[in-house]
Amino acid sequence: MTTAANRFWSQTEAILDEVPADVRVQRDDFYSQPGWDVFQMRYTSADGYWLYAWLSVPKGNGPFPAIVRMPDYASVHDIVYTPMREWAVVMNPTFRGQRQSDQIFQAEFPGLLTEGIEDTETYIMRRVFADALRGFDALLAQDQAILGNIAVTGAGLGGALALAVAARRIAVHAVAANTPLALGNPASLAKGLAYPLAELDDYMRLYPDRKDTVKQNTADLDPLKIARRITAPVLLSVGINDTGLCPLAFGEKLAERIPDCDFRAYHGASEGGGHEHAQIQLSWLSDKLGLG
Amino acid sequence: MATEQDLQDFETQVTCPDDFDDFWSGTLELLAGISLKPVITAEPLRSNDDAHVFNVTYLSLGGLEISAWYSLPAQGEGPFPAVINFPGYKSEPPVRRDWAKKGVAVLSVAVRGKLKSSSEFNPGYPGLLTSGLESKENYGYRGVISDCVRGVDFLRSRPEIDPERIFACGSSQGGGLTLITSALRPEIKAGVAGYPFLCCYPEAMTMFRSYPYDELACYVRANPDEQEQMLDILRYFDAVNFAPRIKCPMVVGIALDDEVCPPETSYAAYQALSGHKELWLFPNSGHGNAHDYPGQERAWLEGQIGLSAATS
Numbered sequence: 110m111t112t113a114a115n116r117f118w119s120q121t122e123a124i125l126d127e128v129p130a131d132v133r134v135q136r137d138d139f140y141s142q143p144g145w146d147v148f149q150m151r152y153t154s155a156d157g158y159w160l161y162a163w164l165s166v167p168k169g170n171g172p173f174p175a176i177v178r179m180p181d182y183a184s185v186h187d188i189v190y191t192p193m194r195e196w197a198v199v200m201n202p203t204f205r206g207q208r209q210s211d212q213i214f215q216a217e218f219p220g221l222l223t224e225g226i227e228d229t230e231t232y233i234m235r236r237v238f239a240d241a242l243r244g245f246d247a248l249l250a251q252d253q254a255i256l257g258n259i260a261v262t263g264a265g266l267g268g269a270l271a272l273a274v275a276a277r278r279i280a281v282h283a284v285a286a287n288t289p290l291a292l293g294n295p296a297s298l299a300k301g302l303a304y305p306l307a308e309l310d311d312y313m314r315l316y317p318d319r320k321d322t323v324k325q326n327t328a329d330l331d332p333l334k335i336a337r338r339i340t341a342p343v344l345l346s347v348g349i350n351d352t353g354l355c356p357l358a359f360g361e362k363l364a365e366r367i368p369d370c371d372f373r374a375y376h377g378a379s380e381g382g383g384h385e386h387a388q389i390q391l392s393w394l395s396d397k398l399g400l401g
Numbered sequence: 134m135a136t137e138q139d140l141q142d143f144e145t146q147v148t149c150p151d152d153f154d155d156f157w158s159g160t161l162e163l164l165a166g167i168s169l170k171p172v173i174t175a176e177p178l179r180s181n182d183d184a185h186v187f188n189v190t191y192l193s194l195g196g197l198e199i200s201a202w203y204s205l206p207a208q209g210e211g212p213f214p215a216v217i218n219f220p221g222y223k224s225e226p227p228v229r230r231d232w233a234k235k236g237v238a239v240l241s242v243a244v245r246g247k248l249k250s251s252s253e254f255n256p257g258y259p260g261l262l263t264s265g266l267e268s269k270e271n272y273g274y275r276g277v278i279s280d281c282v283r284g285v286d287f288l289r290s291r292p293e294i295d296p297e298r299i300f301a302c303g304s305s306q307g308g309g310l311t312l313i314t315s316a317l318r319p320e321i322k323a324g325v326a327g328y329p330f331l332c333c334y335p336e337a338m339t340m341f342r343s344y345p346y347d348e349l350a351c352y353v354r355a356n357p358d359e360q361e362q363m364l365d366i367l368r369y370f371d372a373v374n375f376a377p378r379i380k381c382p383m384v385v386g387i388a389l390d391d392e393v394c395p396p397e398t399s400y401a402a403y404q405a406l407s408g409h410k411e412l413w414l415f416p417n418s419g420h421g422n423a424h425d426y427p428g429q430e431r432a433w434l435e436g437q438i439g440l441s442a443a444t445s
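Here the protein sequences come in this chain order: A and B.
The number in our numbering is simply the position in the first sequence, starting from 1, with 109 added.
The number in our numbering is simply the position in the second sequence, starting from 1, with 133 added.
Isolated chain B, as found in the complex:
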């Protein structure tokens, strides 16, 4: 198990490319040129007394159609605060009806490659982490990150959503995407990143032999001449390089016995945050299984949203 001292002693070799901001502003410009074309379809099977659930599609980078679950409070007319929920690496996005009773909308994004968004891009599992690694322009995560950015744009386009109260959360890959998207979309007012993935690739791929990071080690073993280029490209997609650009309050949750996303690498992302930040450390917990994490995440976000005790 890592100790707090291990986290503090860790130094990543990741540096930020000189053209990092140019690359991402160029990507955002590309996105701005693509019409969102949202389509909202009621899902009566998933709707209940608390939540009206919809399937949403919108267009993202490359014109790909991205799906999401969209849950709205059944009571009230809004505008509602909203939480955007980013998915893990291998899990499908959940239908989140739990916030509806509190008057909060949730968009649960199926980034490209997820079942609901796989018709044109489907690297499978394992596979996403090395998909398109030949160039930063074609790397799969450029699209995945764009899909998250567009989810925020979707929420901001909706009259039933309060654009001043959009919040983000996710665990594992969803944690990494929470950090990255919050840097690219300052409209996100606060976020919780649990067990964040997508941090410190050079170290993460060698600290444990677990997937998904081990996909990178396998890639290097198969393509030893491409390691330097691969690590250079990954700098553009490393949450550590996005973290200083995040302006909103952010929580990073870390399990000290995490053998999927090494605690040291997640801590490096926390350290790189320059705004208001909180660190939650979970001793004797592994990846995604800290008993207290879900409750803490919920309580912290409720506080940020400004929900009163009366709505609890």
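Next comes chain A alone, as it looks inside the complex:
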């Protein structure tokens, strides 16, 4: 990891340390099911920002394995849905600006990727990564379920967030990252990409004198810079025709740097391995979490 990236992550941890998570959990009677309870979680992140998460807890005493599904690059994060929710605690945390975490700041899509990019202090995506770390910490702090092994998953931005959390939190037992967003890597600045990465080129086209700023202020977020720190096994998937999230060459480099990586490349675009990989991931996670 570069010195600058190291400094960014140290600063992010320090900023989080200043703010107690203040986790609050409330059962959602409307969405709870006979087989599992659904909770609304709220907790604070960097800058005292309130965040929201869906939490699903199986009926019974536990301990239960847990899955944290990091949010996509989208305005909403799913209410918990996975066939594993009957056997595992599942948390779907949001980041600032997403629905239900938008009291102060409402993210735009497209738009979030360059929000405040003029300065490292204002660049929103740096705080989005802090929110991911805080989401994981909030799961550990909640008192609704006793937790066993914890896996972190995600696609696109969620894939990059899952890798970052795994690099920073030793409690992560396994990671399933699909088409992780190449934000911060030079590959994200190429012309002719699809959205969301194309937002960076849009910005540089309108403000050609800020190209270096964009490069510098995103660089610390490059997943390649934290990949070697990940000790948990990683299932990594990409689509060979993907130009909007995880260009193939970037995905291959990422796989090389992750110490324990099961890399799968599919004939797809941003959907990565699609349905085929979803089945593989389900089986892989079940195995890693002791559910198989």
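Don't read these hints as lab results, they were simulated from the structure.
Don't be surprised by glycine CBs; every beta carbon is placed ideally from N, CA and C.
Just to be clear, a hint being listed does not mean it is correct.
In silico DSS-like pairs for lysine-lysine, Cα to Cα no more than 30 Å straight-line [claimed, not checked]: (1) A:Lys-300 / B:Lys-235; (2) A:Lys-320 / B:Lys-234; (3) B:Lys-234 / A:Lys-324; (4) B:Lys-234 / B:Lys-269; (5) A:Lys-300 / B:Lys-234.
Partner residues are not named here, just some residues of chain A that face chain B (Cβ under 7 Å, in silico) [to be verified]: (6) Gln-212; (7) Phe-214; (8) Phe-218; (9) Asp-311; (10) Leu-315; (11) Gly-377; (12) Glu-380; (13) Gly-383; (14) His-384.
Take a look, some chain B residues computed to stay more than 12 Å from chain A by CB distance [as the list claims (entries may be wrong)]: (15) Leu-161; (16) Phe-187; (17) Leu-192; (18) Asp-231; (19) Pro-259; (20) Gly-265; (21) Asn-271; (22) Trp-413.
Here the structure of chain A is known, so what remains is to put chain B in place on it, guided by the hints.
Coordinates of chain B only, in the frame set by chain A:
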């Protein structure tokens, strides 16, 4: 995974209300009484050498202001053929610049409740599917469908658009809205409905326990006495009841392992189509992730639009 035989064996219990056409003609009359008041604002950040991108607003049912992304080819003066793109349930409408190189305009509609159109109606996610379910007049989807109809009206009002070449597409909720809007606006010349949502509510809400349909199951669990009334209201918003009223060519794309929009329910909408229709089945694919779907959608629409190989 569903089989083709499963699709063919499926019979929905959905019936069409006697006053279905009256309800929707009344809604269209209400819309006709509301001035469109379009406002078009350039979006230089999203424009490039291929496409001039604009933010559009227009008024819809209840006088709500609806937003949309509007992409015009940077080359040529038109009138251009146009594709109207309807959004999924939880996704924001995309900026579609990909058609511009081919000389096609795209209107990507942010129906009410989407971020760009949420100032006066914002049920959030989850929530839209049960918003206003107390009556068909107040049901949220009456507005959502109206917003799509008005998008077609916007395109027809524009001098740079060829009113004889307006086409529609969308996936999931966007697929359902493609079917429904094509029934209400025969000015749409052809459409592609991928993995269509909004079909066969009584069955869809019980076949899987996935959202958004599971919102209805949760609603019934919380309000057991209202199930009959809820299902009666939903008949007015079921794509299966709109399908026989569609006159233009229509494709329905179905993933056989779709656990969000059950394949059987989408197939019922396909079966109910009475005009020229095509069925695309994707085995070993789930909701929204059939690898070949985007390419097929594009190629089929290009054929309908009449784009020559020279523009490819």
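Task: Violations among the numbered hints - done: 4, 6, 7, 18, 19
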